[in-house]
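J.: Residues per chain are reported as follows:
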Amino acid sequence: MRTLFRMPRAQVLCRVLPLIVGMSCAPRVDPSVLYEGDSAYSHITVRDEGANRCLYFGRTDAVQSCIRRDAPDHAVFEYTQLMFAGLALTPAPRRVLMVGLGGGVVSGVFARHLPDVSVDIVEVDGRVVELCRKYFHLSDRPNQRIHVGDGRTFVRRAPRGEYDLILLDAYLGDSIPFHLMTAEFLAQVRAALAPGGAVVANVWDGSALFDAELRTFEHVFPGEVYVFRGAGNAMIAALPDQPRRSRETLLRVARESAAGRALPFDLAAEVRKYDPTTSRAGDAPVLTDDRAPVHSLLRRRRG
Amino acid sequence: MRPSSTALVVAIFVAGAMSMGLEMLGSRLLAPYFGQSIYTWGALIAVVLLALAAGYSAGAFASRRWAGLRPVGLLLLVGGAWVALLPAAAGPITDRFTAWGERAGALGASSALFAIPVAAFAAVGPICIRLKVEDPRDAGLWAGLLSALSTAGSVVGTLGTSFFLIERWSVRGSLLVGGLVTAAVGLALAVVERSGRSRTDAKG
Numbered sequence: 041m042r043t044l045f046r047m048p049r050a051q052v053l054c055r056v057l058p059l060i061v062g063m064s065c066a067p068r069v070d071p072s073v074l075y076e077g078d079s080a081y082s083h084i085t086v087r088d089e090g091a092n093r094c095l096y097f098g099r100t101d102a103v104q105s106c107i108r109r110d111a112p113d114h115a116v117f118e119y120t121q122l123m124f125a126g127l128a129l130t131p132a133p134r135r136v137l138m139v140g141l142g143g144g145v146v147s148g149v150f151a152r153h154l155p156d157v158s159v160d161i162v163e164v165d166g167r168v169v170e171l172c173r174k175y176f177h178l179s180d181r182p183n184q185r186i187h188v189g190d191g192r193t194f195v196r197r198a199p200r201g202e203y204d205l206i207l208l209d210a211y212l213g214d215s216i217p218f219h220l221m222t223a224e225f226l227a228q229v230r231a232a233l234a235p236g237g238a239v240v241a242n243v244w245d246g247s248a249l250f251d252a253e254l255r256t257f258e259h260v261f262p263g264e265v266y267v268f269r270g271a272g273n274a275m276i277a278a279l280p281d282q283p284r285r286s287r288e289t290l291l292r293v294a295r296e297s298a299a300g301r302a303l304p305f306d307l308a309a310e311v312r313k314y315d316p317t318t319s320r321a322g323d324a325p326v327l328t329d330d331r332a333p334v335h336s337l338l339r340r341r342r343g
Numbered sequence: 774m775r776p777s778s779t780a781l782v783v784a785i786f787v788a789g790a791m792s793m794g795l796e797m798l799g800s801r802l803l804a805p806y807f808g809q810s811i812y813t814w815g816a817l818i819a820v821v822l823l824a825l826a827a828g829y830s831a832g833a834f835a836s837r838r839w840a841g842l843r844p845v846g847l848l849l850l851v852g853g854a855w856v857a858l859l860p861a862a863a864g865p866i867t868d869r870f871t872a873w874g875e876r877a878g879a880l881g882a883s884s885a886l887f888a889i890p891v892a893a894f895a896a897v898g899p900i901c902i903r904l905k906v907e908d909p910r911d912a913g914l915w916a917g918l919l920s921a922l923s924t925a926g927s928v929v930g931t932l933g934t935s936f937f938l939i940e941r942w943s944v945r946g947s948l949l950v951g952g953l954v955t956a957a958v959g960l961a962l963a964v965v966e967r968s969g970r971s972r973t974d975a976k977g
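In order, the protein sequences belong to chains W and U. Taking the working numbering, the leading residue of the first sequence gets 41, the next gets one more, and so forth. Taking the working numbering, the leading residue of the second sequence gets 774, the next gets one more, and so forth.
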């Protein structure tokens, strides 16, 4: 007992905690872990896995993003390319807003292949921005501004008609920010879109939450919603105040959009994932600020 | 006339349930403006704790002058009415604080929206304790038992909102109904004492 009193507090804690909760203060010796720590928002891990480098939020079973270390343009996950299906709706965006930085893969495509496009990135977690700079090839460039803050606050303050393309990529695992899924938020997104502009949201399509988000999109963008379905994720997109586009028109616009650019993937192949038959989400609720049962929907299978 | 124990039990339980229920629902009112970060939660919890401390202190002094069911009822009436107004008032009020930034804004908006009703609910406790204590040797007994009852109410308020009301029903509906029910209970308590007193007066 006397020795315990002579130790610095932190050491006492390290002696006592394992006895109570099985925690340990011993440093991790796993050399593949480049970073592990807590930010104001989550427990973050950066880890090398074979040729990939991955970013994890929360426990290490929820991967946020991965890149190939030797080929940053290689899409480890399909969704980073599928998001560009938005170019079939708005082929030549000049001003883009990304809500959610993730592993910086999408912003990297803009930086390397669409450098003329002005990109605003809003990421809630400043630590994620630091880690992307250090480990995920995120670099500063004249046409890119990174804002640390809440996506909804940023969109609400954005001037009307500011953006040609808004990419929403802030929904992951258990930490679904409900206030970025509601009809009120999508109405703010709609107001921030320039004429002819489009919004694309990356949503995991394995739960009833997808149906509810689709229904919420249909509510705010009636008859203006397009779904591009990938293997696990799907893009819910909307093109407000424009004539409805057929599959053929989408493909034609995408080809025109890709023609003058050096995209690191086949845009037409992504746009072919357009799914006009997607069930229009029967009895799923429209999500509102007042009622957004995101967690119970996430635990329910799709209807 | 001494107030009935049932009335005191109801008052304390409702006040405890509303304090924590309001905190949980409050996080949903703030999220559209400040997100739902650790900052927002920290600000909200700090404001609720401060309001509890202020309410306990105010109730402590009030109990020496206004010991009766009527002040208890009035506190519930004011707190409940305030909560019932939040669905309409929270948006425009919170909006004014967004210019303060994430942390100061969440602190400011939490104070403006929740400090008054939480303080009112907290002030109920000391007055009820004062009403139960006849023998000073029982002071600790009643302070302990009624605090436990208030905390039991808070548990119901916490789980009821987080496990049930927010997901299955509606944030604004919960605030409106919870506030109106609390105000009605407060009004009933105030009226009960008044009629009780007039009866006593008539007898005397």
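If you're looking for bench data, these hints aren't it; they were derived computationally from the structure. Keep in mind it's a predicted model, so treat the numbers as computed, not measured. Do not rely on the hints blindly, as some may be mistaken.
Computed list of chain U residues with no C-beta within reach of chain W, every gap over 12 Å [stated by the list, open to error]: (1) Arg801; (2) Pro805; (3) Ser810; (4) Ala872; (5) Arg903; (6) Leu948.
If you only want the chain U side, here are some residues facing chain W, beta carbon under 7 Å, derived [what the hints assert, rightly or not]: (7) Ala804; (8) Ile811; (9) Gly815; (10) Glu940; (11) Val944; (12) Arg945.
Backbone N, C-alpha and C fix where the C-beta goes; we use that ideal spot for every residue, glycine too.
J.: Which earlier hints turn out false for this structure, listed by number in ascending order?
T.: 1, 2, 3, 4, 6 and 9
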